[in-house]
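Participant: The residues making up each chain are set out below.
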Amino acid sequence: MPKDVPVDPRGPRFSAWITSAVLAAVLLTGSWRLLAAQAVLFGLCAFISLKLNPWGHLYRYAVQPRVKPTAEREEPAPLRFAQGVGFVFALVGTIGYATGLTALGVVATSAALAAALLNAAVGLCLGCEVFLLLRRRVPSLARPQ
Amino acid sequence: MSAGAWAVVAAVAVTAVVAVLLRWREGRVRVGGSSGPELPEAVRAALDPGAAVTLVQLSTTFCAPCRHTRVLLSDLAGRVAGLRHVELDVTNQPEVATRLGVLRTPTTLALDASGAEVLRVGGVPKRDVLLEALRPHLPHTNG
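Protein chains in written order, with our numbering: chain X, 1 to 145; chain B, 1 to 143.
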């Protein structure tokens, strides 16, 4: 896995606002294609690198220069895990919408939306919390020192 | 409204409820908890037997509220007689947090000289509320 560097924690929250908007648009339109695109984005971030997140670049070029610098950094591993959780929900939702199991699509997408909104509005990253709990029990997830 | 629109409303409502609950819990003083029959060795070692109350702050790396808590508590300990503040990084010793029943950082345990838990606070403590709760356990001088 490529190395990700610690990130400015406001970046993921900025991304989460855009993700929330995308997921809300999916729920309002029922478009499996839009949800599939979001699933691809989640997958790229989770399985390849957080650097592939276009909203992260938008944050760095458009937002970060305008806000106060911060020394605060966030560990990338929990973020990537959380993107992976988002990927699973988006994938299940896409399958639901695309195969006519609309209820499945709505449930999976609204769960992902609630998680994205919590991250954006409250700063609580559910996937990250799950990762941290898992890391206590699975030593191989521990940060290499 | 379509099912999708209702789902959006529901997701927003869930987020709002969780936000309110988290804000309510943040920095709240909880009394009556127990750190268990035996303190983990790392915590026992951090305890200052000469202080009436030691604030043991459990922290992790990459934890912004931990830094805010450290500033607040070390300042408080500097001003209040009988109060000490120590920070314990549990990033690489999660078993300490597990044994204390701590799920988030920062969590601050207030322990008396014998190591018994007086109270605990999850998140950044509220200075006045914390001091008020600690007062009965501190020598009656200032604060």
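These aren't lab readings, by the way, just hints derived from the structure by calculation.
Yeah, the Cβ is synthetic: ideal placement off N, Cα and C, and Gly gets one too.
Be aware that one or more of the hints could be misleading.
As the list claims (entries may be wrong) - Restraint ranges, calculated between C-beta atoms of paired labels, are given here:
id : chain 1 : residue 1 : chain 2 : residue 2 : range
1  : X       : 33        : B       : 131       : 53 to 59 Å
2  : B       : 61        : X       : 48        : 45 to 51 Å
3  : X       : 4         : B       : 3         : 44 to 50 Å
4  : X       : 124       : B       : 101       : 36 to 42 Å
5  : X       : 73        : B       : 50        : 43 to 49 Å
6  : B       : 140       : X       : 69        : 43 to 49 Å
7  : X       : 123       : B       : 129       : 19 to 25 Å
Participant: Look at each hint and say if it fits the structure.
Facilitator: Consistency of the hints with the structure:
no.: 1; hint: 33(X) <-> 131(B): 53 to 59 Å; in the structure: holds, 57 Å
no.: 2; hint: 61(B) <-> 48(X): 45 to 51 Å; in the structure: violated, 25 Å
no.: 3; hint: 4(X) <-> 3(B): 44 to 50 Å; in the structure: violated, 37 Å
no.: 4; hint: 124(X) <-> 101(B): 36 to 42 Å; in the structure: violated, 20 Å
no.: 5; hint: 73(X) <-> 50(B): 43 to 49 Å; in the structure: violated, 36 Å
no.: 6; hint: 140(B) <-> 69(X): 43 to 49 Å; in the structure: holds, 45 Å
no.: 7; hint: 123(X) <-> 129(B): 19 to 25 Å; in the structure: holds, 22 Å
Comparing the model with each numbered hint stated earlier shows that hints 2, 3, 4, 5 do not hold.
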